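Peer 1: These protein sequence lines are chains F and C, in that order. The first sequence begins at 1 in our numbering and counts up by one. The second sequence begins at 1 in our numbering and counts up by one.
Take every hint as true, because none was put in to throw you off.
Pair by pair, the computed Cβ-Cβ distance ranges are:
1) C/64 <-> F/19: 57 to 63 Å
2) F/88 <-> C/161: 26 to 32 Å
3) F/204 <-> C/29: 50 to 56 Å
These are calculated hints, taken from the structure and not from any lab test. Here the structure is a predicted model, which is why all the values come from computation and not from measurement. C-beta: ideal position from N, C-alpha, C; glycine also.
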Amino acid sequence: MVEENQGLSKMIELTIDDKKVVAKEGDSILKVARENKIYIPALCYLEGVSSFGGCRVCVVEIKGSTRVFASCVTPVSEGMEVITDSERLRRYRKWAIELLLAERPHVCSVCVANGSCELQQLATELGVDHLRVEREWTNYELDLTHERFAYDPNRCILCTRCIRVCDEIEGVHTIDLMFRGKNSKVIFDLDDKWSFAESCTSCGKCSAVCPVGALYVKGKPHSEVKKKELVSFVISRRIEKTIG
Amino acid sequence: MAKVRLATVWLSGCSGCHMSFLDQDEKLLELADKVELVHSPIADIKDFPENVDITLVEGAVGNEEQLELLKKIRRRTRILIAFGDCAVNGNVTALRNILNEGRENVLKRAYVENTMFNQGVPTQIPRLTERVFALNEVVKVDFYIPGCPPPASLINYVLNEFLDGRIPVLDGKFKYG
Numbered sequence: 001m002v003e004e005n006q007g008l009s010k011m012i013e014l015t016i017d018d019k020k021v022v023a024k025e026g027d028s029i030l031k032v033a034r035e036n037k038i039y040i041p042a043l044c045y046l047e048g049v050s051s052f053g054g055c056r057v058c059v060v061e062i063k064g065s066t067r068v069f070a071s072c073v074t075p076v077s078e079g080m081e082v083i084t085d086s087e088r089l090r091r092y093r094k095w096a097i098e099l100l101l102a103e104r105p106h107v108c109s110v111c112v113a114n115g116s117c118e119l120q121q122l123a124t125e126l127g128v129d130h131l132r133v134e135r136e137w138t139n140y141e142l143d144l145t146h147e148r149f150a151y152d153p154n155r156c157i158l159c160t161r162c163i164r165v166c167d168e169i170e171g172v173h174t175i176d177l178m179f180r181g182k183n184s185k186v187i188f189d190l191d192d193k194w195s196f197a198e199s200c201t202s203c204g205k206c207s208a209v210c211p212v213g214a215l216y217v218k219g220k221p222h223s224e225v226k227k228k229e230l231v232s233f234v235i236s237r238r239i240e241k242t243i244g
Numbered sequence: 001m002a003k004v005r006l007a008t009v010w011l012s013g014c015s016g017c018h019m020s021f022l023d024q025d026e027k028l029l030e031l032a033d034k035v036e037l038v039h040s041p042i043a044d045i046k047d048f049p050e051n052v053d054i055t056l057v058e059g060a061v062g063n064e065e066q067l068e069l070l071k072k073i074r075r076r077t078r079i080l081i082a083f084g085d086c087a088v089n090g091n092v093t094a095l096r097n098i099l100n101e102g103r104e105n106v107l108k109r110a111y112v113e114n115t116m117f118n119q120g121v122p123t124q125i126p127r128l129t130e131r132v133f134a135l136n137e138v139v140k141v142d143f144y145i146p147g148c149p150p151p152a153s154l155i156n157y158v159l160n161e162f163l164d165g166r167i168p169v170l171d172g173k174f175k176y177g
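Make a model of the complete structure from these sequences and hints.
Peer 2: Below, the structure written as structure tokens:
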């Protein structure tokens with residue numbers, strides 16, 4: 001986990017795509033790149049909460065190493081030379097998206113997020129025009145018990161954004177993950193139906209940050225609900241901390 | 001120069017991709033100068049002909065007749081193009097795979113449980129495959145045109161690139177799903 005830096009910290013210099021940049025020590029490569037308007041595609045990353053490096057879409061190369069690094073969880077260091085775009089990186093990113101698409105039955109034409117989906121957007125961007133692996137046709141039960149929200153595990157990509165906002169921003173930790181690997185499932189409280197999850201405050205942050213159509217507000221187009229950045233939430237949280 | 005032999009095929013899909021094909025409007029006339037349409041749902045030619053240069057296949061494989069037809073198309077076509085999302089990845093057609101109930105139950109669901117009148121599974125239709133397949137799960141596919149449906153401009157671009165002897169580059173021209 002990369003904690004956000006607070007207060008004064010040491011400044012360092014590094015190179016991203018042959019561009020010299022100055023950054024705060026401890027910040028992630030992805031954060032520094034974005035601050036300097038260098039684009040690295042990312043999916044599970046969410047500004048304002050911790051990163052966990054799950055989707056592997058934000059991989060970058062670092063000179064002097066043969067492996068690739070998830071830029072959202074790799075801190076910058078002095079003199080580091082980062083490469084954000086190469087044939088190999090594009091190949092890896094494309095595979096990451098293809099495997100996510102194949103893991104569950106993502107059918108855009110019947111999805112509430114069609115047109116505002118980050119997975120779909122990245123598939124388009126990375127040139128995923130078909131899948132090279134066989135799909136899983138999972139059949140998880142939908143949870144429509146909540147008055148305002150709906151949950152379709154068949155569309156979930158396990159990015160854990162909802163878990164992180166629920167825990168770190170709303171502070172209730174209603175949502176968590178059950179099981180392992182591709183069988184992982186996002187659950188409410190102790191795998192209760194959503195309406196029986198007593199800790200849920202019905203704040204709606206989870207559906208606002210869901211990059212796909214897995215968590216959504218009933219009867220509302222996903223494009224109106226989505227929020228990619230939680231900066232405002234985070235600022236209010238910092239103010240609370242300072243005061244309290 | 002002999003005209004390029006073009007075929008279009010409609011498997012398990014809604015025909016929306018063919019509608020989009022027709023949406024090329026006046027550009028169809030330009031296309032007609034360059035190709036000979038040798039097989040198509042809009043041309044009523046029963047058997048799939050030999051020696052076809054380009055075939056656009058709409059729809060996924062949902063029954064055994066289509067399975068045989070697709071293999072025949074592959075044998076007789078130089079460039080086989082998966083035309084639209086059902087052909088590319090199964091799309092709505094393949095949603096029945098989620099039920100995972102086998103062909104009899106799928107038919108029962110459609111023709112008995114969800115209807116009020118004339119309930120009964122039809123017997124004069126080709127046998128359904130156990131699950132729905134995208135084209136590339138059955139045969140080798142040479143090119144993919146994603147979209148539900150693919151926009152007419154994209155179809156026109158792809159065809160013209162092939163007709164001019166180039167391989168189309170879709171970067172930034174299509175939308176996934």
